[in-house]
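Chemist: Residues per chain are reported as follows:
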Amino acid sequence: MATRIRATTLQVAPAPTLVAPGTRSSDVTRDVCSPLERRPGRMWWIGLLIAGSALLVGVACVAYQIKVGIGTWGLDRTVGWGFDITNFVFWVGIGHAGTLISAVLLLFRQKWRTSINRSAEAMTIFAVICAGLFPVIHMGRPWLAYWVFPYPNGRGPLWVNFRSALLWDVFAIGTYFTISLLFWYIGLIPDLATVRDRARGWRRKLYGWLSLGWTGSARSWSRYEVACALLAALATPLVVSVHSVVSSDFATSVIPGWHANVFPPYFVIGAVFSGFGMVLTLMLVARKVMGYERYITQRHILAMCKVLVFTGSIVGLAYATELFVAWYSGSAYEQFTFANRMRGPLGWGYGIMVGCNVVVPQLLWLSRVRNSLLAVFVISLLVNVGMWFERYVIIVGSLERDFLPSSWSSYVPTPIEFGTLLGSFGLFFTLFLLFCRFLPMISMFEVKTVLAPEHGAEHSREGRA
Amino acid sequence: MTFPWQAPQRLLSFLRGIALAGAALFVTGLYYDPEHVWIGFLVGFTLFTGLAVTGPFFLSLLALSGARWPGPMRRIPEAMVSALPLGLPLGIVLMSGLRALYDWSDAAAVANDELLAHKSAYLNPVGFGVRMAVYFALWTWLGHRLVAALRAQDSDPSVPASRRSIRAAAAFLSVFAITFSLASVDWLQSLEPHWFSTIYALVVLSTVSLAGLSVCTIVGLAFARKPGCEGLASADRVEDLGRLFIGLSLFWAYIGFCQYMLIWYTNMPEETSWYVTRSRGEWPIVARACTVLCWLVPFLALMPKRLRRDPKIVARVAVAVLGGAILHLYYLVAPAHSRVGAGGGLLEVCLPLAALAGFLWMLLRALAKGPREPVAGH
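From first to last, the protein sequence lines are chains A and B.
The C-terminal position of the first sequence is numbered 465 in my numbering, with every residue numbered one higher than the one before it.
The C-terminal position of the second sequence is numbered 378 in my numbering, with every residue numbered one higher than the one before it.
Worth flagging that the hints you see were computed from the coordinates, not collected in a lab.
Bear in mind the structure is a predicted one, so any value in this text is a computation, not a measurement.
Some chain B residues near chain A, calculated using beta-carbon distances under 8 Å:
1) K119
2) Y122
3) F196
4) S197
5) I199
6) L202
7) I255
8) I263
Covered stretches of chain A, going by a simulated chain B footprint (3 or more residues, C-beta under 8 Å):
9) 255-265
10) 313-319
11) 325-338
A virtual CB, placed ideally from N, CA and C, is assigned to each residue, including glycine.
Between the sequences and the hints, there should be enough to build the whole structure, so can you do that?
Modeler: Structure below.
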C-alpha cells in the first residue's frame, strides 16, 4: 500500500513543462553554451583518455589486419561472417534511435524529443561511421573500396551486382548517412549562430562560418522550418529502409535461421530498441556529467523507458514467432537450427540475448524500477549487450551449423577482432566527447519552445533575434 | 461539447436488412454452393472480427501514446468493441464449415500427409475451437475493460484514473499481440497448411487496421455532416486521419513487399507455393487492385496537404481503402481453394458486404447508446 501511495504521489505532480520549472530562456543559452566556452573538466579528460586509448588499440589492430590480411580473423570457409558483420549490424542499429527521435517523433509532435534529439542524432552519425568501417575492412583491400560504387569504369564489363543485398547496403547506408548528417547540421545552424554571437576572436569566426551567416530573420525561420520538415519526411522512410536492407543481407539467403520473411520489420524494431538503449546510456551519463538535469528530466527518461519496454516486447514476440514457425514449418533444417540456437554451442549467447532483450526490459513495468536512475542505467547497458549478442547468435550460430555436418565448424574470434570491436567503441565515444565539447549538445532553440508559457514571450524575442 | 451520436433510423433498418439478407443467403447457399459460401463466410468473419478488434487495438495505442487528437472521434473505436461478443457465435458457425475450408480438419487427409500429421498437434478442430474461444474471451473482456477505464477517465481526470486506463491499454495490447498472431495462423494461414510465413500476422494486421481506420473515418466524417456535429471533423483532425492513412497504407505495402520480395528472391518451393497459386487466373489482377486501393490511392491522393485536410477527399479515400482491404482479405482466403477462380460467385461478394453491414449496424447502435459527453481533454 505504501508503495502504491508513493507511486501515486510521484505521478500526481506531473511536470507542467518538459524542462525543470523556472528555467528561463537565458538559462538555456547559458547552460548549453558554457561547456563550449570554458576549459573541459577532469571527467571529460578522463573519458577522452579512455576512449582515445581504445581508439588507438583499434587503429593498431586495423593497421595490422590491413597489412597482413583478414586471415588474422577467426573466419573460415563455413563461417564467412563473424565479428565484423555482427559489429556492423550492431552499430547500424544503434543509429536508429537518433533518426526515430529526430524525424518520426517530430512528425508525431512528441515534444519531449527536444532535449535529446541533438545528441541522439550525433550518436546516429557516429554509429554509422563505426558501422561503415567493418565492411570496408572486410573487403581486404580497403583502398579499392570505391569499387562498390557503380560508375563507368575502365575495368571492362566489371559492374557491381545490382541484385546483391550487399550493394543495396551501400545505397541504403550511404543515403542514411547523408540525410542524417544534413538533418543534424541544419538543425545545428541556429544554435551555432547563438554560440557565434557569444564568442570572440577565432572562435567567433569559426562558428560564424559554420552557422552559414544565420541572421534569424522571420524569412530565414520560415524557410528553415520548411527545410526541416522536408528533411524529416525524407529521413522517416530511412528509419525503416536501412535496417530492412541490412536484414536482407541475411534474409535473402537460404540459410536456416537467416531466411525469415519477418526479418525486415523484426530488425527495424530491434534497431530502434538497441538505439534507445544506447541513447538512455549516453543521456544518463551526460545529464550527470554535464549537469543537464533540468533539461533531461525524469519525464524524458520515463518516455524512453516506455519505448524500451514496448520495442523489447515486440522483439520478444519476434523471437517467439521464429520459434513457433520453425516448428510449424515442419522443415527439419529450421527445427534443427532453432534447437541448436537454444541448446547448441552458442546456447549461452541465446540465453544472454533473450534474458537481456526480452526479460530484463520487462522490469520497466514496475514504477519503482523506472524511477530509479541506476536501475534504468543498468537495464540500458544490458539491452546493448543483449542486442549485440542477438546479431552474433543469428550470424555465427546459423553459419556454424549449416546443412552439411561435414562442413560444420566453430568460430573463435581472434584478439585482433576483439581489438577492432574495442576500437569501434573508442571511436564512437571519442567522437561523442568531442561533440560534447565543441557543439551545443542540446537544441537550444527547440528547448526554448517548450519552456513554461510565461517565458514564451522572452523566447521569441531572444531566441529569434 | 456533446454530440448526438444518433444515426437515422432508415439507415439502421437498411443495414440490418442487408445483414439479415446476408444471413438468409448464407443458409440457402449452404445447400446449393457450400464451397463459395464458406469462402464468403470466412472473409466476412475475418472482416467482422478484425474490425471489432481494431477498436480496442486503436484505443490502446492512443491511450499509451497519450494521443488527444481524436477528441470526440474516440467514441467510434469505443463503440466498435461492442461487436466483439458476436465474434464467438460467428466462430461457432465457422466451426461447422471446417471441413469445407481447412484440409487439416480431415482426419483421412492428415493420415496421408506427413506435414499435416506433424502440424496436427496444433492444427486440429478441438484446438482450433478452444483457441478461438480463448481469443474472443480475452479480447471481449480486456476490450470492455479498456473502454470502461477510458470512459471513467472522462468524468474523473485524476492521475489514478489515467493510470488505470494506461494499465488496461497495456494489458490489452500485450495479449492482443500474441493472440492475434496465433489467430492469423489459425483462421487464414492454415488454409494452405503446407505453407508458412513468419510475417503473416503483420500482413493480416495491416489489412484489418486499414479496414478499421476506414470505418472510423467514414462513420466520423458522416456524422460530422449533421448539424451540431461540425466540430467532429476539424481540418486538423481530418489531416491527422489523412496522415494515418498514409502511414498505415505504407506499412501495408511495406509488409506485403517484404514477404513477396524475400520469397521471390530465395525461390524455395515450400514458400513460393502461396504466390504460385496467386499467379494464376485472375489473381494477379486482384493483387494489383489491392495494391492500388490500399496503397497507391491513399498515398497519392493524400500527399498534397490541401487534399489531406478536405473531409470529402479523405472520406472517399477511406471508402476506396475499405474496398481494398476487403478485397485483400478475399485475396488471402479464396485462392487457397484452387478450384475457385477470382470473382467465382455472387456469394463471395455478398457475404462480406453483409458482414460489413452487420458490423456497421452494431457500431451505430452502440454509438447511439454510448456516452455523449465530451472525452477527457475536450
